[in-house]
Amino acid sequence: MLEIRNLVKAFGGVRATDDVTLTFETASLTAIIGPNGAGKSTFFNQLSGAIRPDSGEIRLDGQNLVGLRIGEIVRRGVGRAFQVASIFPSLTVEETLLAAVSAHHRHAGRLGTRFPLASTRAHAGHCVAMVGLHDKRHILSANLSHGDQKLLDIALALVLEPRVLLLDEPTAGMGPEERWRVIDKVHELWERQKMTVVFIEHDMDIVFKIAPSIRVLSYGRVLAEGTPQQIRTNPAVIEAYLGSEHEVAA
Amino acid sequence: MTRPALRDAALALAGFLVLAILPLITSSSALIDFVIRCAALGLFATSLNLLVGYGGMVSFGHGLFFGMGAYSFGILMQRTGMPIPLAVLLTLCISALVALVVGAICVRLKEIYFAFVTLAFQMLVHSMIIAWVPVTGGDQGLRGGIPRPAFLGINLSDQKQLYLFSAALLVLGLLAMRHIVSSPFGYALRMVRDNATRAGFLGINVYRTRLTAFVLAGAFASLGGVIMSLFVSGAYPEFAFWTMSGEAVFIVMLGGTANFLGPLVGTGILLLLNDFVTRTAEHHGLVLGSVILLFALGLRKGLLDFVMEWLAARRTRDAATPAPVAVKGTST
Ligand SMILES: Nc1ncnc2c1ncn2[C@@H]1O[C@H](COP(=O)(O)OP(=O)(O)OP(=O)(O)O)[C@@H](O)[C@H]1O
Ligand SMILES: [Mg+2]
Numbered sequence: 001m002l003e004i005r006n007l008v009k010a011f012g013g014v015r016a017t018d019d020v021t022l023t024f025e026t027a028s029l030t031a032i033i034g035p036n037g038a039g040k041s042t043f044f045n046q047l048s049g050a051i052r053p054d055s056g057e058i059r060l061d062g063q064n065l066v067g068l069r070i071g072e073i074v075r076r077g078v079g080r081a082f083q084v085a086s087i088f089p090s091l092t093v094e095e096t097l098l099a100a101v102s103a104h105h106r107h108a109g110r111l112g113t114r115f116p117l118a119s120t121r122a123h124a125g126h127c128v129a130m131v132g133l134h135d136k137r138h139i140l141s142a143n144l145s146h147g148d149q150k151l152l153d154i155a156l157a158l159v160l161e162p163r164v165l166l167l168d169e170p171t172a173g174m175g176p177e178e179r180w181r182v183i184d185k186v187h188e189l190w191e192r193q194k195m196t197v198v199f200i201e202h203d204m205d206i207v208f209k210i211a212p213s214i215r216v217l218s219y220g221r222v223l224a225e226g227t228p229q230q231i232r233t234n235p236a237v238i239e240a241y242l243g244s245e246h247e248v249a250a
Numbered sequence: 251m252t253r254p255a256l257r258d259a260a261l262a263l264a265g266f267l268v269l270a271i272l273p274l275i276t277s278s279s280a281l282i283d284f285v286i287r288c289a290a291l292g293l294f295a296t297s298l299n300l301l302v303g304y305g306g307m308v309s310f311g312h313g314l315f316f317g318m319g320a321y322s323f324g325i326l327m328q329r330t331g332m333p334i335p336l337a338v339l340l341t342l343c344i345s346a347l348v349a350l351v352v353g354a355i356c357v358r359l360k361e362i363y364f365a366f367v368t369l370a371f372q373m374l375v376h377s378m379i380i381a382w383v384p385v386t387g388g389d390q391g392l393r394g395g396i397p398r399p400a401f402l403g404i405n406l407s408d409q410k411q412l413y414l415f416s417a418a419l420l421v422l423g424l425l426a427m428r429h430i431v432s433s434p435f436g437y438a439l440r441m442v443r444d445n446a447t448r449a450g451f452l453g454i455n456v457y458r459t460r461l462t463a464f465v466l467a468g469a470f471a472s473l474g475g476v477i478m479s480l481f482v483s484g485a486y487p488e489f490a491f492w493t494m495s496g497e498a499v500f501i502v503m504l505g506g507t508a509n510f511l512g513p514l515v516g517t518g519i520l521l522l523l524n525d526f527v528t529r530t531a532e533h534h535g536l537v538l539g540s541v542i543l544l545f546a547l548g549l550r551k552g553l554l555d556f557v558m559e560w561l562a563a564r565r566t567r568d569a570a571t572p573a574p575v576a577v578k579g580t581s582t
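If you read the sequences in order, they're chains A and B.
Numbering follows my numbering, with no gaps: position 209 of the first sequence is 209.
If you count the second sequence from 1, you need to add 250 to reach my numbering.
Because the hints were derived from the structure by calculation, they are not lab data.
Predicted, not measured: the structure shown is a model, and the values here were computed from it.
Some hints could be false.
Stated by the list, open to error - What follows is a set of in silico ranges between Cβ atoms, one per label pair, in the way DEER data are often shown: (1) A/Q63 with B/V456: 23 to 29 Å; (2) B/A563 with A/E3: 50 to 56 Å; (3) B/L359 with A/G173: 30 to 36 Å; (4) A/R106 with B/R253: 21 to 27 Å; (5) B/A562 with A/R106: 31 to 37 Å; (6) B/P384 with A/R106: 46 to 52 Å; (7) A/E161 with B/R253: 27 to 33 Å; (8) B/W382 with A/A122: 55 to 61 Å.
Glycine included, C-beta positions come from ideal geometry on N, C-alpha and C.
With the rest of the complex left out, here is chain A (with noise of 0.2 Å):
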């Protein structure tokens, strides 16, 4: 179970984060949703350690994560993909995976011999099927469609054997083809790997479809929670972002 408690970041007078409390159950598919600059991926940053929050606590089945570095919040089980897919682009898809899985391993300062180490081909071979891009590993990651890349930073998030992944709008910028191609492999990783889902999702057809619970930030505090059934008719959430954003959004 990932817990959330009075979690607070300010950006000078922005508190993009405003006292959030949340929880996540363990082997739950979450959608957070809010308008742009509600502080969705802030709160992310916080979960994975990639920024300090300014107070409050972030807790894994009992365990602090608040000041652990990146690495150890990695190493404690919280695998995140980016909202810009963050990729290796002069790397193929197999080289990105192996490369990945030897740092894993702490095999990444290695000089002694030859890359990649059989010990990283079965399990690199596993996430890269794992996203449906087994066809395209010889592919160069640049060369990759934007769902792919979008996929492939999935991929390298399910190196680390994530028991929380958190997902950064894993459909931005795709067509609605490529949307739901991604989102479907989002909902069988979930459904098949047993681990904590939370994603960040602007298209609310997809959010309705696919989360069984969703949380909605507004100005850094947590606007609503619920099914999608109490979220689509709560008029908070209505006034805040349905009503003027869903237009835009989807």
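Mind docking chain B with the ligands on chain A? Use the hints.
What follows is chain B with the ligands alone, placed relative to chain A:
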């Protein structure tokens, strides 16, 4: 050994054999000099490409380590008369140590600051060489020749033997660097170059990776300096001057950063240009400048990169079932 490692070793051996046979075919001393200079500058430029091509760190101060190699080796031989292999080894260690100190400060810095601070360190060392006359000979350079006690039956006073020695160092140095860029570390370095933030999230220590590359590059650059000091029988402040670094950057641009042997090809081109142009043309700066422009604006990449990409493109066109061929813009 894995298959690619064996292939590289076989290629290296073949390369060495070709170089070894060359003087038997032609006894041109110009050719022998050319190869020795190629060995010195080729190692220097390839080591720079560890930083530029594989690490994404454009150093403008790499000449520091070339000069360091020439001076350390020359001074060690003049003052202690130790066996040459030991002096070479010590020189590598000294340069690596200096690179560790310089790198510890520089590799944290972002692109342009990295370039300028490496340049600043180089200028510092250059002025130390000029100022420390009793040891370095100041602006006159390290003179009086370099003693060359025979070792293992090898006498480096003989130009033919120096030739073979340089060829062997070149091939061994290249093989070692090839091994480095093909190791798990080499791939971690590429990841840091492509996307340091993401590499950090995957558990790669970005700082340590960059620093290791900097230290290794410094050591191999100094090996080039060793060969140069044997070739000119001394060491000169120009070896550690910024123009030396500029020359290496130029070579890397000429040959290309994306293929391991690009800098060696670039070295050949530059030396040929230098020899040919300075002999025939009055305005050789003009000719060299035009060549740079031709590469920068015409090909938009180094020669070897251009050729390899052209070949790869042709292969895809010819293939019946088009396999995805990776056309790469950066060191692979
Ligand atoms: N590093 C930073 N420095 C200063 N302000 C920041 C920083 N990161 C985010 N902010 C501010 O914090 C607020 C929340 O930003 P955040 O990126 O978390 O929003 P978001 O909900 O992810 O928005 P979007 O839907 O556009 O991705 C914004 O006002 C933003 O300008
Ligand atoms: Mg965001």
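We went through each hint and held it up to the structure:
For the pair A/Q63 and B/V456, the beta carbons lie near 26 Å from each other, so the given range of 23 to 29 Å is met. Take B/A563 and A/E3: their Cβ atoms lie about 55 Å apart, and the range 50 to 56 Å holds. Range check, B/L359 to A/G173: Cβ separation about 32 Å, and the 30 to 36 Å hint holds. Our hint of 21 to 27 Å for A/R106 and B/R253 holds, since their Cβ atoms are close to 26 Å apart.
In this structure, B/A562 and A/R106 meet the distance hint of 31 to 37 Å, their C-beta atoms being roughly 34 Å apart. About 48 Å separates the C-beta atoms of B/P384 and A/R106, a value consistent with the hinted range of 46 to 52 Å. In this structure the hint that A/E161 and B/R253 lie 27 to 33 Å apart at CB holds, the actual value being about 30 Å. Distance hint check for B/W382 and A/A122: the Cβ-Cβ separation is about 57 Å, which falls inside the suggested range of 55 to 61 Å.
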